[in-house]
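Q: Starting from the given sequences, assemble the full structure and let the hints guide the process.
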Amino acid sequence: MSLSQAWDRMFWSVMITIFVGLLWMKFLQETAACESIGLVVAISVGIAFFSSGWYQANRQKKRDSQTASDAAQIPEDLL
Amino acid sequence: METQRISFGLFFRHFLILIILIVFLFPIYWMITTSFKSSEDILTRPPKFVFEPTLDNYRFAFEEADFTKFIRNTIIVAGLSTILVVTFGSIASYSFARWNPGDGHIMFFILTTRMMPAIAVIMPFFLIFRDLGKTDIGNRFYLGLDQPGALVVAYTVFNLPFAIWLMHSFFQDIPMELEDSARLDGYSRLQVFFRVVLPLAAPGIAVTAIFSLLFAWNEFLFAFVLTRDDARTITVGVSSFQTQQGILWGPLTAAAVVCVVPMLVVALFLQRYMVRGLTFGAVRG
Amino acid sequence: MIRKLAILALVFALALVIAPRPVTPAKAQDVTITWATIAGFYTDWAEEVARQYEESTGVNVEIIDIDFPSLYENQVLEAVADTGAYDILTYDVGWKAEFSESGYLLPLDDYIANADPAVIAFDDISPALTETTSKWRGKTFGLPYYTFTMGYFYRCDLFENPDEMVAFEAEYGYPLGIPQTYEQLADIAEFFRREPGETLAGKTVEADFYGIGLMAARAPHVQDEINSIAWSWGYKVIEDDGTPGVTSEGFLKAVNLYVNELLPYAPPGATSSAFDQVVAQMRQGLIAQTAAFYLDQYPNMVKTEEEVEGARICTAPAPGAHTWVGAFGLGVSSDSEHPQEAFDFVAWLAGPEAQRAFAAGGGSTSRVSILTDAAFIAEHPLTAGHYPTLQFVLDHTAKSNFYPNYLFVPQGGKIYDEMTTWYSAAASGDESPEGAMEKMAEAIERQCDGLCEIANDALGENYTPVPMPFDYETFLASGAYDIDVWIANQGN
Amino acid sequence: MSTNSAVYQADSDLKQTARAAPKKQLISDTVYSVLLIAPALVLILFFALIPLGYAINVSFRFADLTSPRGVDNYVGLENYHFVLNDDFFWEAAQRTLFFAVIAVAVEMIAGVAIAFLLHEMRWFKGITRSLIILPLAASPVAVGLIWRNMYHPDFGVYNYLVSLLGISEQNWLGDPDLAMYSVIIFDVWQWTPFVILITLAGLQALPKEPFEAAQLDGASTWRVLRTLTFPMLTPVLTLVFVLRTIDAIRLYDAVFSLTSGGPGTTTEVLTYYLYRTGLRFFRMDRASAMALLFLYVTVVFTGLVMRRFMRNIAARTRQMAS
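Residue numbers (my numbering), protein chains in the order written: chain Z, 921 to 999; chain L, 451 to 735; chain V, 163 to 654; chain X, 1423 to 1744.
Certain hints may be false.
To be verified - Coverage of chain X stretches by chain V, computed from C-beta distances (three or more under 8 Å per stretch; other residues unrestricted):
1) 1587-1599
2) 1649-1657
3) 1701-1707
As the list claims (entries may be wrong) - Straight-line alpha carbon distances no greater than 27 Å define the calculated DSSO-like cross-link-like pairs of lysine-lysine that follow:
4) V/Lys-301 with V/Lys-465
5) V/Lys-365 with V/Lys-297
6) V/Lys-297 with L/Lys-498
7) L/Lys-498 with V/Lys-465
8) X/Lys-1547 with X/Lys-1630
9) V/Lys-561 with V/Lys-297
Hints in this document: simulated from the structure, not taken from any laboratory.
Just so it is clear, the structure is predicted and the values come from calculations on it, not from any experiment.
Heads up, the beta-carbon is just placed ideally off N, CA and C, and yes, glycines get one too.
A: Next up, the structure:
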């Protein structure tokens, strides 16, 4: 994962974390009591989103390098 | 377009524009006529279109309300901040258009700084400038409260995102080949920017400059909070015609007219540069 | 071309930025005090006075004009940030408690004790104004210098027209005259509403004529009007126990009277009018009367007599005479570096000498000696014609000791803003009166964070404001409603 | 050929002899590009992050500036909780949304249409372009007050004009059903010129050849618009749209001088409520929490709208660089 991609993913993870947190505060806090649970839930959703992105990017990268090396093996006159 | 013939459609189009202009300029016309009305002629039923013009309102604005000072302050603040915005903004925008440092994220971040509601940041700004004014450097650059430097900085910061984004597409439309061939001619990167890119981006820069100037010229909240008397700008001066004796419509409109005229002159002057865009297509091929 | 311009601009910018700060030669003994005040509010007079003061004392006075809608924010901001930018603050009665409680204003008692009694002449200020404007928790925080106490303006030429008088009595069963209750005010408003083609005082009206002028826009004035109704009936915005009183039955009746029995007879522009538009309505001959209106607008109102043929403007206390009573006060900022000089200026400005000049210039002074000076009034009938009525209202207030509770709540300035919002909602029909008052009560509780603390120590611990009936007989006998009659009476 | 290109031509003639490989560079493109954005970025970082940090800090504290407590102890998420459960906040947000959607839509449509008209003008083009900017050139506060006068039911010129057309008189700013539209009309009047001018500049920057080719092919006007003009204008239009939206939801001056949020609360948009909370009630804690929520929504909205746009320009930059 490049720095730029990581930043992008990070940015949206934070945005999603805040969103989940806000939803919790607006709708669930009354029923589900505790603030800290909401905090934990929100942060874990954010981390989950980030790491899934990380994982996907790595797999993509692997696949890309695979295709690249496949491509390298094709004889030049075929291109 | 050169091939266009004089036809009914062309006349109709101009007629339509005339109507649109009348609609858009009517409030301005009303403002100007009101500024020449005596106070008895302003709040009447029905409103008066014909009246005996008087210059009293202008006399009041300049003699009683010290508008000369407000205008001077506004020119300094709006002019300086526009220069800074265009200078810093154009090089940054050019860099974003050519090399896109930060892969778009820095640019996006810059845009987000314009989204913060001004009211929420006004208090921190007030405190920053209060403290800056007490330091040597702040004192030297007039950065304290009720000093023009504070407003210049505030407007520059708030208009930079706008300027960078607005100029971006204009810079990006400049074909790379032109720059490349200039480089081959032995131009340095700075020369390329100043001699090739800048002239070609003139319409974009002119538009940006006009808007930066307008925003700074007309800004109210910062001008109101960060100044008291010495550095007060014209918009705040105008608002002080809302008095406990009622709104002084005559002087208020007179001041507003005085406020608009310089902008009209600037617009008339800069619109020539916007026309430059027309020749641009020819270069591109 | 662009490049040349750019270079020129850059040079200009650099020159401006790098140019060293001009050193202003300042004499060491020079003292400058800064006065934050209301823009255009007798500014010429204030500047003139300040210059006189400079000449006589050597203290420079710098006047900062701030438009009234922003005056509160601006002063609080500077005070909160401890900038010390203003030495003298100008406040509305509604903000007095807050400015004093939060420590923006300096208690002046020690300064007053040391000052020349002839300059302060505290007894010469109506107690109604010292109570609302100066005192807070037993201390003095400022001096009133301009009173906007409310009253009633009406077209006496219409009220004294025989045809109208007969028609009114026939319809309502009592004679047409100065309304002594708000119900009567509503009757008169209904009576004088004329559509084009109907007759008014013997002439056919060409355009709509309205029974009453109201300032129902979302501006502080709407609350002064509605509160005046409620107060004259003895209902309170904040009850004596600190709970909001705006949802009580009586209070709602007051709001309903305003919305349902007065507004329909006001010009359609009422819900977007402030006080200056009401003055304009009067001067254009559109309205017959306006109640709970600032008496200090008399100099503007009286111009109707020139502009509308046959018109005459008279004044009276608003029905019940319990209205918005107060003044703009001047206090010394607690951040001031020259409190003594600032105090001296305040005392001088609010003192008898400067106030006389102020009154001569058309201001509504707070000095009893001027308000009751028959010779002075006779000399300035066009600017001081409301003084007799004003004096009646202030007297009545002082005698009854009736002051609205919320003047003594430290959140006064904020509650003021909430009242503006919700009264306007009721007046415009955006909310029903009941709904609007419900929300206002909620907002007041929120501002006070529960119960509001009423700190009216000055009036005694068990102080309970109760309205007192106004003595209309004496008022009518004095002829104070019509300045010409009053002056003639003085001669006898 | 423009003058500048001519100068460039002359310059390059002189340097014909020197035509060689580009000079060796002292610094790489990356460093150069960063140097160019540095002044702007430093300024923005300093003056945007400090206030932002202040706001974030205060939003977690108790801060009633007018009370003797001032900026006091940390209270966790209490302020956010307050704002989220404040009905007035949500109502104000709805009003903001309503205003922004209608105002921006009208401004975009009218602005682009008028720009096209102006672009094809033959006479008086320069003067028209300068005059159309006037609504923007007038200070919103002053011009707002003037409009308040023009809107006034009893003395205003609009009612007079409307009555000439035979329509009954309206209570423009005093009628709860009409007030928001009156504010929108004002905003449209003031900001359509902004859309016009930028679209016009964009139109003028379009290359001519594709259009001439299309004309030779006999393509219909509509087809030219759909396949050439609009796609080429998209970046400029997206930008105008985003800038206008950001400014429309930050609307403040117009409401301040036209209606003060009235009548009642019908035109009290979010920023005006924010202003009351922050600068009337001086509850900086709640105001900051509100502002940050506001910022959050705007950033996410812009982020989503600009995502494709950002990717496109990034791709374009890469493509040009290669």
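Q: All the hints need checking, so say for each whether the structure fits it.
A: How the hints compare with the structure:
A stretch counts as covered by a chain when three or more of its residues have a beta carbon under 8 Å from one of that chain; for the segment 1587-1599 of chain X and chain V the count is 7, and the coverage holds. With 0 residues having a Cβ less than 8 Å from any Cβ of chain V, the segment 1649-1657 of chain X misses the three-residue criterion, and the hint is violated. Only residues whose C-beta sits within less than 8 Å of a C-beta in chain V count toward coverage, and the segment 1701-1707 of chain X has 4 of them, enough to reach three; the restraint holds. At roughly 41 Å between alpha-carbon atoms, V/Lys-301 and V/Lys-465 are farther apart than 27 Å, so this suggested pair is violated.
A distance of roughly 52 Å separates the Cα atoms of V/Lys-365 and V/Lys-297; the hinted pair therefore is violated under the 27 Å criterion. With a CA separation close to 48 Å, the supplied pair V/Lys-297 and L/Lys-498 exceeds the 27 Å bound. Of the supplied pair hints, the one linking L/Lys-498 and V/Lys-465 holds, its CA atoms being roughly 19 Å apart against a limit of 27 Å. With a CA separation close to 19 Å, the supplied pair X/Lys-1547 and X/Lys-1630 stays within the 27 Å bound.
Our distance criterion of 27 Å between C-alpha atoms is met by V/Lys-561 and V/Lys-297, whose separation comes to about 17 Å.
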